[in-house]
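Protein chains: 4
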Amino acid sequence: MPILGQNQYGKAENRVVKITRDGATHHIKDLNVSVSLSGDMDEVHYSGSNAHVLPTDTTKNTVYAFAKEHGIESAEQFGIHLARHFVTSQEPIRTARIRVEEYGWERIEHTREGAHSFVRTGQETRVAQITYDGSAWEVVSGLKDLTVMNSTDSEFWGYVKDKYTTLPEAYDRILATEVSGRWRFNWTDDTQPAPDWEASYAQVKKHLLQAFAETYSLSLQQTLYQMGSRIIEHRDEIDEVRFSLPNKHHFLVDLEPFGLKNDNEVYFAADRPYGLIEATVLRDGVEPRIPVDLSNL
Amino acid sequence: MPILGQNQYGKAENRVVKITRDGATHHIKDLNVSVSLSGDMDEVHYSGSNAHVLPTDTTKNTVYAFAKEHGIESAEQFGIHLARHFVTSQEPIRTARIRVEEYGWERIEHTREGAHSFVRTGQETRVAQITYDGSAWEVVSGLKDLTVMNSTDSEFWGYVKDKYTTLPEAYDRILATEVSGRWRFNWTDDTQPAPDWEASYAQVKKHLLQAFAETYSLSLQQTLYQMGSRIIEHRDEIDEVRFSLPNKHHFLVDLEPFGLKNDNEVYFAADRPYGLIEATVLRDGVEPRIPVDLSNL
Amino acid sequence: MPILGQNQYGKAENRVVKITRDGATHHIKDLNVSVSLSGDMDEVHYSGSNAHVLPTDTTKNTVYAFAKEHGIESAEQFGIHLARHFVTSQEPIRTARIRVEEYGWERIEHTREGAHSFVRTGQETRVAQITYDGSAWEVVSGLKDLTVMNSTDSEFWGYVKDKYTTLPEAYDRILATEVSGRWRFNWTDDTQPAPDWEASYAQVKKHLLQAFAETYSLSLQQTLYQMGSRIIEHRDEIDEVRFSLPNKHHFLVDLEPFGLKNDNEVYFAADRPYGLIEATVLRDGVEPRIPVDLSNL
Amino acid sequence: MPILGQNQYGKAENRVVKITRDGATHHIKDLNVSVSLSGDMDEVHYSGSNAHVLPTDTTKNTVYAFAKEHGIESAEQFGIHLARHFVTSQEPIRTARIRVEEYGWERIEHTREGAHSFVRTGQETRVAQITYDGSAWEVVSGLKDLTVMNSTDSEFWGYVKDKYTTLPEAYDRILATEVSGRWRFNWTDDTQPAPDWEASYAQVKKHLLQAFAETYSLSLQQTLYQMGSRIIEHRDEIDEVRFSLPNKHHFLVDLEPFGLKNDNEVYFAADRPYGLIEATVLRDGVEPRIPVDLSNL
Numbered sequence: 001m002p003i004l005g006q007n008q009y010g011k012a013e014n015r016v017v018k019i020t021r022d023g024a025t026h027h028i029k030d031l032n033v034s035v036s037l038s039g040d041m042d043e044v045h046y047s048g049s050n051a052h053v054l055p056t057d058t059t060k061n062t063v064y065a066f067a068k069e070h071g072i073e074s075a076e077q078f079g080i081h082l083a084r085h086f087v088t089s090q091e092p093i094r095t096a097r098i099r100v101e102e103y104g105w106e107r108i109e110h111t112r113e114g115a116h117s118f119v120r121t122g123q124e125t126r127v128a129q130i131t132y133d134g135s136a137w138e139v140v141s142g143l144k145d146l147t148v149m150n151s152t153d154s155e156f157w158g159y160v161k162d163k164y165t166t167l168p169e170a171y172d173r174i175l176a177t178e179v180s181g182r183w184r185f186n187w188t189d190d191t192q193p194a195p196d197w198e199a200s201y202a203q204v205k206k207h208l209l210q211a212f213a214e215t216y217s218l219s220l221q222q223t224l225y226q227m228g229s230r231i232i233e234h235r236d237e238i239d240e241v242r243f244s245l246p247n248k249h250h251f252l253v254d255l256e257p258f259g260l261k262n263d264n265e266v267y268f269a270a271d272r273p274y275g276l277i278e279a280t281v282l283r284d285g286v287e288p289r290i291p292v293d294l295s296n297l
Numbered sequence: 001m002p003i004l005g006q007n008q009y010g011k012a013e014n015r016v017v018k019i020t021r022d023g024a025t026h027h028i029k030d031l032n033v034s035v036s037l038s039g040d041m042d043e044v045h046y047s048g049s050n051a052h053v054l055p056t057d058t059t060k061n062t063v064y065a066f067a068k069e070h071g072i073e074s075a076e077q078f079g080i081h082l083a084r085h086f087v088t089s090q091e092p093i094r095t096a097r098i099r100v101e102e103y104g105w106e107r108i109e110h111t112r113e114g115a116h117s118f119v120r121t122g123q124e125t126r127v128a129q130i131t132y133d134g135s136a137w138e139v140v141s142g143l144k145d146l147t148v149m150n151s152t153d154s155e156f157w158g159y160v161k162d163k164y165t166t167l168p169e170a171y172d173r174i175l176a177t178e179v180s181g182r183w184r185f186n187w188t189d190d191t192q193p194a195p196d197w198e199a200s201y202a203q204v205k206k207h208l209l210q211a212f213a214e215t216y217s218l219s220l221q222q223t224l225y226q227m228g229s230r231i232i233e234h235r236d237e238i239d240e241v242r243f244s245l246p247n248k249h250h251f252l253v254d255l256e257p258f259g260l261k262n263d264n265e266v267y268f269a270a271d272r273p274y275g276l277i278e279a280t281v282l283r284d285g286v287e288p289r290i291p292v293d294l295s296n297l
Numbered sequence: 001m002p003i004l005g006q007n008q009y010g011k012a013e014n015r016v017v018k019i020t021r022d023g024a025t026h027h028i029k030d031l032n033v034s035v036s037l038s039g040d041m042d043e044v045h046y047s048g049s050n051a052h053v054l055p056t057d058t059t060k061n062t063v064y065a066f067a068k069e070h071g072i073e074s075a076e077q078f079g080i081h082l083a084r085h086f087v088t089s090q091e092p093i094r095t096a097r098i099r100v101e102e103y104g105w106e107r108i109e110h111t112r113e114g115a116h117s118f119v120r121t122g123q124e125t126r127v128a129q130i131t132y133d134g135s136a137w138e139v140v141s142g143l144k145d146l147t148v149m150n151s152t153d154s155e156f157w158g159y160v161k162d163k164y165t166t167l168p169e170a171y172d173r174i175l176a177t178e179v180s181g182r183w184r185f186n187w188t189d190d191t192q193p194a195p196d197w198e199a200s201y202a203q204v205k206k207h208l209l210q211a212f213a214e215t216y217s218l219s220l221q222q223t224l225y226q227m228g229s230r231i232i233e234h235r236d237e238i239d240e241v242r243f244s245l246p247n248k249h250h251f252l253v254d255l256e257p258f259g260l261k262n263d264n265e266v267y268f269a270a271d272r273p274y275g276l277i278e279a280t281v282l283r284d285g286v287e288p289r290i291p292v293d294l295s296n297l
Numbered sequence: 001m002p003i004l005g006q007n008q009y010g011k012a013e014n015r016v017v018k019i020t021r022d023g024a025t026h027h028i029k030d031l032n033v034s035v036s037l038s039g040d041m042d043e044v045h046y047s048g049s050n051a052h053v054l055p056t057d058t059t060k061n062t063v064y065a066f067a068k069e070h071g072i073e074s075a076e077q078f079g080i081h082l083a084r085h086f087v088t089s090q091e092p093i094r095t096a097r098i099r100v101e102e103y104g105w106e107r108i109e110h111t112r113e114g115a116h117s118f119v120r121t122g123q124e125t126r127v128a129q130i131t132y133d134g135s136a137w138e139v140v141s142g143l144k145d146l147t148v149m150n151s152t153d154s155e156f157w158g159y160v161k162d163k164y165t166t167l168p169e170a171y172d173r174i175l176a177t178e179v180s181g182r183w184r185f186n187w188t189d190d191t192q193p194a195p196d197w198e199a200s201y202a203q204v205k206k207h208l209l210q211a212f213a214e215t216y217s218l219s220l221q222q223t224l225y226q227m228g229s230r231i232i233e234h235r236d237e238i239d240e241v242r243f244s245l246p247n248k249h250h251f252l253v254d255l256e257p258f259g260l261k262n263d264n265e266v267y268f269a270a271d272r273p274y275g276l277i278e279a280t281v282l283r284d285g286v287e288p289r290i291p292v293d294l295s296n297l
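Protein chains in written order, with our numbering: chain A, 1 to 297; chain B, 1 to 297; chain C, 1 to 297; chain D, 1 to 297.
Think of the hints as simulated: they come from the structure by calculation, not from any bench.
Here the structure is a predicted model, which is why all the values come from computation and not from measurement.
One thing to keep in mind: the hints can contain errors.
[Stated by the list, open to error] Which residues of chain B face chain C? A few of them, derived with a C-beta cut under 8 angstroms, are: (1) Q6; (2) K11; (3) N14; (4) R21; (5) G23; (6) N61; (7) S89; (8) T125; (9) T188; (10) S219; (11) Q222; (12) L224; (13) E233; (14) G275; (15) P288; (16) V292.
C-beta atoms are modelled at their ideal positions from N, C-alpha and C, and glycine is treated no differently.
For reference, chain A alone in the conformation it holds in the complex (with noise of 0.2 angstroms):
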């Protein structure tokens, strides 16, 4: 009989938006959060017994209940209690995983009294992964579809030349990529007093946009490396950080059938094929453990 391996269940994308009003001035956290969980699960696949399931319709209800109770402080620490809560209150529960997406808002400016009026910033899309098995936590935290660009600074050139080369060597280009980026703390005991999820958040966030704009670059991957090395080495908190960088291209232009001139001045930004890189950046001494292939965590 073939067997049952690796299973998880939940309810994916709840979206919750919590006011929380101080007089006439409101704040306000928008979310999006999936649950996914695990644990003493054979039955319900093998005969359709949901004695062990906790419906993921109750999971959403949770979610919505806890945005109440707990309020929302940071995505990682709403993660933090709907984790606890799953596996300390359901002994078929194992591990839980919460996923997080957040989306920026930031106020309008106007003459009116109060302040309840909110824009989004349509930036990067900030992103938690917050996992529980009972004993350890493991947070990862990150964002992606931040969109950066050199329009200089930027070579590529001795490289390999096979048979299938024809690319000539650059030594002025534009360097563009869109960032999706994770890193992981080194939180793990919830007796330890936890990060300061929103500092953190910005600091990083900070520096790897200063890295990416002070790397003169002589390759994607180096510019990536100085990303997250930058992060290791200015944050204590972080142990680990991983990068999927597609390789946004911008074409020059040949315009000299027109007769012009194109002085890196004139560039057609191309949608596919696009290179994509992607590598992990470790403080020395620590195991791997944000998985190869970013684009669902």
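Starting from the known structure of chain A, fit chains B, C and D onto it as the hints suggest.
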């Protein structure tokens, strides 16, 4: 024999990035340009003769060549150069319509010398449509994907109730929408000075955000009218505004089954279905010209 | 004071699935229904009074109730029931426009008794728009996302060449497009028998596919005209057709640098930019009514 | 100094269309190929030296050249050619992973001579991943976006109830999901004959559809296990299957407020949130190798 009606053709979605170098300080314009031409094109439909057809590939080349020859001062000005060229240089082409999407970039703060590192703002996409028939110009500017929210100061009651009505009246609700707006300039004659397209855009965006924030709303229609009205009143160069405003419903979650009171704190952000409110606001005495359905304008 | 122009409102994207049980044999209709109403709605814009406003939530309820009360014989017939209801039951509502997307399902072959297992066909999305103003009907049906290709029998040459033209002429190329089409019925008076909507759709789809396949093409415009013309000639119930045909370019890859001959075998399928060919084909003597831009019709 | 961990690079999403001409009868293969290489790549990250880097542009060229040199018999066979080439031709490259998406086409029926007109089937996207480290092969095939529904023969009851549970038990519900599945072949040694990739795919798709249709379901987990189990039992060449099955909820609409009875006829098809059920099914004695999260495999 079936008759040919309105027809148009061109190259859509030419992605052009223009870097302007001022020493180590670079400036960027990032556009998606679509060209649509019409005129004396019966034969290519009836017999396949391309004798009147300037290839769409040529219109693409023209976009890139013009980025070099004329620069990109603004989406609108760039569209004007292109439209004039197609109508005046090819006899069979009687009308040109140029559509532009523009993506915003801001500088990355860093410590390196020079200023050539950018991050996409990611907020709204700016749009423009320039139409020219050889005598008069029509310029419609706009934006899309600008998501806004008031977390209070919105009510909805006093509406018609029929046998299919179950909605309870609301005296304090979230009002959120993703603004899609278009506004038409009264400039049509290029012997007259053109508006300052960049300054106009910035002011219109400011006015529509402020009107959204400052309107105590009894209906999304009322908010829409205030947004359009504010623009008409403050911007002499604009005669007509149209908005398409999806009502991004945020439903108060019923927490009573869990013994919790939800005092306008925890909301479910719904995707579909959504209310859709669309209307035109006009300067008195002006004929409307913006189409009823905005989605591809 | 700024003036209110054309306005409309309603609930968009109501996803309704209707199962009809004929013993153990089930039938399925899967629709996405958008309601848009207009009429005497000035006050809700100017003052926020909802006295004339049937809530969009009610229009949603009506969609679901009508699926039970009237069944869903076809997208068009269902839209007719809804449009008539809104215009005739609420005095302030003068015009109703119902848009429908329909997703196709086919049966899964299996050995179990009964016939209630389905798989989405995944091919084109069928669309319909029904408009009623209390006296005359307008029904426009159509489809989108139907991708077709001829791997030969397409040429492109004899076109205009200006200083920006670099395209070489082609005497054997791939012609591929993603068909978006709309066709208008001449049925307007509901005292006359309505067309057989389901049979008409199947025939129109067959004709447009065959015309695409059977036309030796000197331009995509010629193919478009043949597709529209075939429909007008074969389907008496239809007076007007409009197509929006992106030219999905397949570029022959240059394999000479690798010592290989590419005899129309290996192509790069490009995304952007793309040619965009749009035109209306009419029965002789008929006034066009389908808007120039199809994308949200 | 921060340490470099796992890293990989390559060109993603090379869109290749291969036409094979058999007189006037043409055959088509339409693939999206992503190349990912890893090996001795420390220096490019640490110093930017590209001495070991075969450019991603070259990997793109190789995809197109191989489509000519080897043809495209199947996605899997094509990936095998590519992976072998990269690992055996460049010393620093130790592992190659080729991912392929394949889009289906069927012939348009017509009266013209020849057979070179096609329409995209639009149903599932077929996927394959081929990995080679110079000694052993791993081939994982699969599909995504295959949407299926049983309109009856599904129940859900007998589950755990905690203080956040409000869901009523269901004894006759719709069960619908969008199948994402991957299956791993036990072929690893290319001195052994490879499976018939095309025949295997067709059979696996048939089995999973039939298992979905023929399982009277007490939980989506039970259905998932039946689908995987059926494949393992019928296909000797496959040792492991993993499915990710979103529960596409169809909620029975409450029509009682309108005096109507909804006897499992009218449903609201919801988007978010959704249940998400994921599991592996293995041949007894086999070690699992398919990653827990499928979304980008």
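Query raised in the report: Does the nearest C-beta of chain C fall within a distance shorter than 8 angstroms of the C-beta of P288 (chain B)?
Result: Holds. Min distance 5 angstroms.
**Report entry** Evaluation of the interface hint that places G23 (chain B) against chain C, nearest CB under 8 angstroms
**Finding:** 31 angstroms, violated
Query raised in the report: Can we keep the E233 (chain B) interface hint, with Cβ of chain C closer than 8 angstroms?
Result: 7 angstroms, holds
Report task. Using Cβ atoms only, decide whether K11 (chain B) comes closer than 8 angstroms to chain C, and label the hint accordingly. Result -> Constraint on K11 (chain B) satisfied, holds at 5 angstroms.
Query raised in the report: Against chain C, with CB atoms and a cut of 8 angstroms, does the hint on N61 (chain B) hold up?
Result: Holds. Min distance 4 angstroms.
Query raised in the report: Given N14 (chain B) as an interface hint, is the shortest Cβ-Cβ distance to chain C below 8 angstroms?
Result: 5 angstroms, holds
Query raised in the report: Hey, does the Q222 (chain B) contact hint survive, CB to chain C under 8 angstroms?
Result: Hint holds; Q222 (chain B) Cβ to chain C Cβ min 4 angstroms, cut 8 angstroms.
Report task. Would you check whether S219 (chain B) satisfies its interface hint, that is, whether its CB is within less than 8 angstroms of any CB in chain C? Result -> 5 angstroms, holds
Query - Restraint outcome when R21 (chain B) is required to lie within 8 angstroms of chain C by C-beta distance - result: 25 angstroms, violated
Query raised in the report: With 8 angstroms as the cut and Cβ atoms as the points, is Q6 (chain B) at the interface with chain C?
Result: 5 angstroms, holds
Requested in this report: With chain C as the partner, please determine if T188 (chain B) meets the hint condition of a C-beta pair closer than 8 angstroms.
Outcome: With a minimum Cβ separation of about 19 angstroms from chain C (threshold 8 angstroms), the hint on T188 (chain B) is violated.
Query raised in the report: Is the interface hint for L224 (chain B) satisfied, with its Cβ closer than 8 angstroms to some Cβ of chain C?
Result: Cβ of L224 (chain B) sits 7 angstroms from chain C, so the hint holds.
Comparing the model with each numbered hint stated earlier shows that hints 4, 5, 8, 9 do not hold.
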